[in-house]
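Each chain is listed here by its residues.
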Amino acid sequence: MTQKSVSGAASRPGNFRRAASKVAVFIICLMPLAWVIWLAFTPGVGGSGLGPNPQEFLNRFLGDWALRFLLIALAVTPIRMLLRWNWVFRFRRMLGLYAFFYVSLHLTSYVVLDKQFFWDEIWSDIVKRTFITVGMASFVMLIPLAVTSTAGMVKRLGANRWRRLHQIVYLIAPLACLHFFMMRKGVQLEPMIYAGIATVLLMIRIWHRFRSRPGAG
Amino acid sequence: MLIRKPRSNEIRPSEITPRHVFENRRQFMTGVGMVGLGAIAGGSLGGLLAPETASAATTLATIKNDKYTLAGLGEAAPTDKVVASTYNNFYEFGTGKGDPADNSKDFQPLPWTVTVDGAVENPGTYDFDDLINPHQLEERVYRFRCVEAWSMVVPWVGISLGEVIRRLGPTSNAKYVAFETLYDPERMPGQNRSPIPWPYVEGLRMDEAMHDLSLLTVGMYGEVLPNQNGAPIRLIVPWKYGFKSIKSIVRISFVEDQPPCTWNIANAREYGFYSNVNPEVDHPRWSQAKERIVGTGIFAERRKTEMLNGYADQVGSLYDGMDMSKYY
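If you're matching them up, the sequences are chains A and B in order. Here the first sequence is numbered in the numbering used here, starting from 1 and rising by one per residue. Here the second sequence is numbered in the numbering used here, starting from 1 and rising by one per residue.
There may be inaccurate statements among the hints.
Unchecked claim - With a cut-off of at most 30 Å between alpha-carbon atoms, the simulated BS3-like pairs for lysine-lysine come out as follows:
hint : chain 1 : residue 1 : chain 2 : residue 2
1    : A       : Lys-115   : B       : Lys-105
2    : B       : Lys-81    : B       : Lys-105
3    : A       : Lys-128   : B       : Lys-105
4    : A       : Lys-185   : B       : Lys-105
5    : B       : Lys-326   : A       : Lys-185
6    : B       : Lys-290   : B       : Lys-81
7    : A       : Lys-128   : A       : Lys-115
8    : B       : Lys-326   : A       : Lys-128
9    : B       : Lys-64    : A       : Lys-185
10   : A       : Lys-155   : B       : Lys-81
11   : B       : Lys-304   : B       : Lys-64
12   : A       : Lys-115   : B       : Lys-97
13   : B       : Lys-81    : A       : Lys-115
14   : A       : Lys-185   : B       : Lys-97
15   : A       : Lys-128   : B       : Lys-304
It should be emphasised that the hints constitute simulated quantities derived from the structure, not laboratory data.
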């Protein structure tokens, strides 16, 4: 925040670059969605580029990207800690909101395309299937984080309370990884890669905290 | 155990036209009761084809089994052939649905042998041709229901497993039939990882194996089985979830005790020995009440799954008095 005011208002080109970089990241983050929409309108095996089981393809695709954005957003702070690239910080909110955006689409595709609004089936899924319970829990916990992502909300809550609230993400990320791991049959490599990345991102924080505050145990 | 190496100039069994094809050659040429015009008995006349042609889809000479037809299933059309051969599970070639088709391109199924052992009068290592050729290939359209709640309608080509078993002559000690898939990580790259234990093993109770529905399958859509669908020889047990229909079989054992099954070893809570299709018994992670017929589009309604996949009137009596939710 401080370097913003230092380099800030005086230099117009700096402002422009910041705004342009935000627009660029915004558009890049939309690429997965654009790609899957493109596929839906491309001919392919089983009707479209989404393949023979388009509901499954779409749902997994959106779930994959929700998890990826969640991990990318979680990587911002460690990158700042380790590489001192302070500029990445300005994308953190957008990346977090994109995680929420893709997980909302993931859930929507499940309700609309997979379950076709059979609410009784959806309810019994949530109650009976642990991996769906876990996935739904992490979605529900993301809602307050998305809602309080605005600058106004940070001010209203106060920085400390806001930070404490947003630490729920340290629970959300492992749960999201667990959801993915439990969804797959057998012991598969891919979910473990995501879980491994999440673990590393959380461990860096812990390590950094101990290093910067040696007294606090 | 007898393995005979053929001399190089010898006519291989695979090159001999089966008697039933020869004797019915007029019918064969007019295509009555046969699939495909000028059909070549693949595997049987494979030697007459140029190697390039032989490795591509090879048409099989089959008769249609009137008991198991598309109309009998109440379906207008089978699942698209491309869908059935590009969307499936075969972890030996990777865990993604497209992996089997992508990673099995170089797989050479022939020559192939199947070892028969255990409580049986005619044990030995059988060449693929010796196992298949004494029998009439028939086409049967079955509904294929995956445990993952999707299904297909597939015209399989194969021979009655029961007839093969009768020929092999199980002794009175044979209560179950166990099957084993090839384990060869160099040819099956998915076996370099271990999402499930290798080799893949499956089993049936003897009366299940002897049932008319059980098909030892060598083809689909009138053609030789694609590598990704379990070439050159696989099982199809249509009233059970797809994973019971073991692929690329190298061993058939007749045993006294219930044999181990791969998915049951991997996760006993989710997969039992029987694995009969049952809309009333949920998989712990999803409902089995409905199924998505793959290839029907993004807004297609799901189909209600039938008890024993719609074959209850034929195989239901095998499970009389058995608690299907306990023996899932």
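Right, here's what the structure says about each hint:
no., hint, in the structure
1, Lys-115/A x Lys-105/B, "violated, 35 Å"
2, Lys-81/B x Lys-105/B, "holds, 17 Å"
3, Lys-128/A x Lys-105/B, "violated, 40 Å"
4, Lys-185/A x Lys-105/B, "holds, 24 Å"
5, Lys-326/B x Lys-185/A, "holds, 22 Å"
6, Lys-290/B x Lys-81/B, "holds, 23 Å"
7, Lys-128/A x Lys-115/A, "holds, 15 Å"
8, Lys-326/B x Lys-128/A, "holds, 18 Å"
9, Lys-64/B x Lys-185/A, "violated, 36 Å"
10, Lys-155/A x Lys-81/B, "violated, 60 Å"
11, Lys-304/B x Lys-64/B, "holds, 27 Å"
12, Lys-115/A x Lys-97/B, "holds, 21 Å"
13, Lys-81/B x Lys-115/A, "holds, 27 Å"
14, Lys-185/A x Lys-97/B, "holds, 12 Å"
15, Lys-128/A x Lys-304/B, "holds, 20 Å"
When each numbered hint is compared with the structure, violations occur for hints 1, 3, 9, 10.
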